[in-house]
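Q: Mind docking chain B on chain A? Use the hints.
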Amino acid sequence: MFNKTMMEMKFRIIIFALFFVLMLVVLIVTRPVIDEVMSQMSIDNEQLKDLPDFFKDMLAETAQISKMLEDDQFFLLSQWYSKNFGQFLPLFALIMSFTIFAREADKGTIYFLLAKKNRPALFWSKTITGYFVVIVMMLIFSLTAPIAMMLSGYTVAFTPQLFAIIVQQLIGVTFFYSLFLLFSILFNDQIKPVLAGIIVIVGLPFLSLFESLKWLNPYPYILGTQVINRGTFDGLYTLGLIVITVAITWIGLEVFKKKEF
Amino acid sequence: METTKEKKALTIKGLDKVYKGGVHAVKGVDFSVDEGEVHALLGPNGAGKTTTIKSVLGFINYKGDIKVFNEEIDVVRANVAFVPEDKSFYEFMSPQAAIKVCHRIIEQFEPNTAFDFMRRFNLPMKKKIKGFSHGMKTALYLSLCLAQKSSLYIFDEPTWGLDPIRRDDVLEIIRNLVIDGKTVLYTSHIISEVEKIADRISIMFDGQILFSGYTDDIKANYRVYYMPLDHQLPEQINCLSAKKDREKLIVLTDDKQTMQTLREVAETEEVVPNLELFFQTLLRGKNYV
Numbered sequence: 013m014f015n016k017t018m019m020e021m022k023f024r025i026i027i028f029a030l031f032f033v034l035m036l037v038v039l040i041v042t043r044p045v046i047d048e049v050m051s052q053m054s055i056d057n058e059q060l061k062d063l064p065d066f067f068k069d070m071l072a073e074t075a076q077i078s079k080m081l082e083d084d085q086f087f088l089l090s091q092w093y094s095k096n097f098g099q100f101l102p103l104f105a106l107i108m109s110f111t112i113f114a115r116e117a118d119k120g121t122i123y124f125l126l127a128k129k130n131r132p133a134l135f136w137s138k139t140i141t142g143y144f145v146v147i148v149m150m151l152i153f154s155l156t157a158p159i160a161m162m163l164s165g166y167t168v169a170f171t172p173q174l175f176a177i178i179v180q181q182l183i184g185v186t187f188f189y190s191l192f193l194l195f196s197i198l199f200n201d202q203i204k205p206v207l208a209g210i211i212v213i214v215g216l217p218f219l220s221l222f223e224s225l226k227w228l229n230p231y232p233y234i235l236g237t238q239v240i241n242r243g244t245f246d247g248l249y250t251l252g253l254i255v256i257t258v259a260i261t262w263i264g265l266e267v268f269k270k271k272e273f
Numbered sequence: 005m006e007t008t009k010e011k012k013a014l015t016i017k018g019l020d021k022v023y024k025g026g027v028h029a030v031k032g033v034d035f036s037v038d039e040g041e042v043h044a045l046l047g048p049n050g051a052g053k054t055t056t057i058k059s060v061l062g063f064i065n066y067k068g069d070i071k072v073f074n075e076e077i078d079v080v081r082a083n084v085a086f087v088p089e090d091k092s093f094y095e096f097m098s099p100q101a102a103i104k105v106c107h108r109i110i111e112q113f114e115p116n117t118a119f120d121f122m123r124r125f126n127l128p129m130k131k132k133i134k135g136f137s138h139g140m141k142t143a144l145y146l147s148l149c150l151a152q153k154s155s156l157y158i159f160d161e162p163t164w165g166l167d168p169i170r171r172d173d174v175l176e177i178i179r180n181l182v183i184d185g186k187t188v189l190y191t192s193h194i195i196s197e198v199e200k201i202a203d204r205i206s207i208m209f210d211g212q213i214l215f216s217g218y219t220d221d222i223k224a225n226y227r228v229y230y231m232p233l234d235h236q237l238p239e240q241i242n243c244l245s246a247k248k249d250r251e252k253l254i255v256l257t258d259d260k261q262t263m264q265t266l267r268e269v270a271e272t273e274e275v276v277p278n279l280e281l282f283f284q285t286l287l288r289g290k291n292y293v
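Chains A and B are the protein sequences, given in the same order. Here the first sequence stands for residues 13 to 273, numbered as in the working numbering. Here the second sequence stands for residues 5 to 293, numbered as in the working numbering.
So here's chain A without its partners, still in its complex pose:
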């Protein structure tokens, strides 16, 4: 069953692997360019004196960021984990998960599997294979980025801060995977799980607009905002997401055990 699921995911794995490699290459190649652009954005005090205060604050913030981006380690954390790679993780989880059960139901091949396998065994074999692919790919590209930057001559290191972001992204991507896998179980066609997933991906950031619902938006956690800004690992959110991921997986199992085909 592992091999069969891998065969089905092969094309998507290759596409995402190429996409992540391309992003990483672009990031490293454009590193000196970004450095140059950011340095040009620093403005001296003589130029600042006639500008309104809010504009001065904004420029000061930009100048501070550009200063920080001169540091290779900060560049890696903010541009790879918090931007390029991190932002694509929910979409990566969706693309990897939505077909796992929905395609079998949609194409009618589920009868072949259900005739020979008990439902819990079938559920776990497919679910664990998906988790395995998502986690392994995530880890590979999390660890490849600092290695690639080191090989390109930049001063980066495997710091506790870097590992903290990787752990948060790992927890975050498994949460999204479990949610999208549930959609794949709930629906009998391949369109609805994708639509539901896109609504979740696009909709979650809007929760941040409401102060009381901010905590429901996992993007700051996945992008490691707190780790970068304060240098601290978000333990409580990590625990919460693990509990929710386990709960969603259990719900998925129960739904699959009772679902009619």
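Source of the hints: derived by calculation from the structure; they are not laboratory data. Hints may be right or wrong, so weigh each one.
[What the hints assert, rightly or not] Using 16 Å as the maximum straight-line C-alpha spacing, the simulated EDC-like pairs for lysine to aspartate or glutamate come out as follows:
{"no.": "1", "chain 1": "B", "residue 1": "K24", "chain 2": "A", "residue 2": "E272"}
{"no.": "2", "chain 1": "B", "residue 1": "K134", "chain 2": "B", "residue 2": "D90"}
{"no.": "3", "chain 1": "A", "residue 1": "K270", "chain 2": "B", "residue 2": "D78"}
{"no.": "4", "chain 1": "A", "residue 1": "K129", "chain 2": "B", "residue 2": "E111"}
{"no.": "5", "chain 1": "B", "residue 1": "K223", "chain 2": "B", "residue 2": "D259"}
[Stated by the list, open to error] Per the computed footprint, the stretches of chain B lying under chain A, defined by three or more beta-carbons under 8 Å from a beta-carbon of chain A, are:
{"no.": "6", "region": "27–35"}
{"no.": "7", "region": "58–64"}
Every residue gets a Cβ at the ideal spot worked out from N, C-alpha and C, and that includes glycine.
A: Quick look at chain B alone, frame taken from chain A:
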């Protein structure tokens, strides 16, 4: 002590299934399949055959009691092979890859047997299944099913899309399974096929079993009577079905006394029914009062 013939491969008691939306697909069905027989589930489209099979295999939730070899299906699943009505297999695979996958997934799968069947059906081994015709997909699914070492084989419309030569081959293969001591539950709406291979039939209509019995018994025990259209049947007549067509009143019965009574009606013709006539008369006459 029970003989082998009397052991049950499948027992269904009080099977009832109402789908979401209120469609009452199966209405309290009881029937059993003896070990070592070909049992055909016959009926028109929408009779409830596929729902019954889906219930047996646990694909849908249902009310009632179903036992396969006296166990719940999940206990004996490895011992059951199934060909569904929809013969969809993984279209990105070739038959060669399909055999490999089945070998990995199914415990009692014999790759060489699958190869032999596929060769017999002239399937291109390296071509993607996506490009297969309906008949080729059916042949592929049958090959994968027949390569499983199982005790019970369930076929839902197994000859769908096959040309007449392959269809006869498949019927022969199914018949040979029983000779090898296997049990077959088979659904079809093609009566001529059923007549060739079935030991016993159950006829379903509107979610109910109208008749269950041995095919040999039909000719031995049942008679069809064609009578004048204006003849009034007694209210308490003991018959399986009665119907009016344009010219005749047609009655199907196995009751000796009724047969005697009907023979005495003027211009009555008595016919020994084949399965086709039995099936048609039974179904068409069901609603006659």
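Q: All hints are to be evaluated individually against the structure, with a verdict given for each.
A: Against the structure, the hints come out as follows:
1. K24/B - E272/A: 10 Å, holds
2. K134/B - D90/B: 14 Å, holds
3. K270/A - D78/B: 14 Å, holds
4. K129/A - E111/B: 10 Å, holds
5. K223/B - D259/B: Given that 16 Å is the threshold and the Cα spacing comes to 14 Å, the pair holds.
6. 27–35: This one is violated; 0 residues, fewer than the three required, reach chain A with a Cβ under 8 Å.
7. 58–64: With 5 residues closer than 8 Å to chain A, the region 58–64 of chain B meets the three-residue bar; holds.
Of the hints listed earlier, the one the structure fails to meet is number 6.
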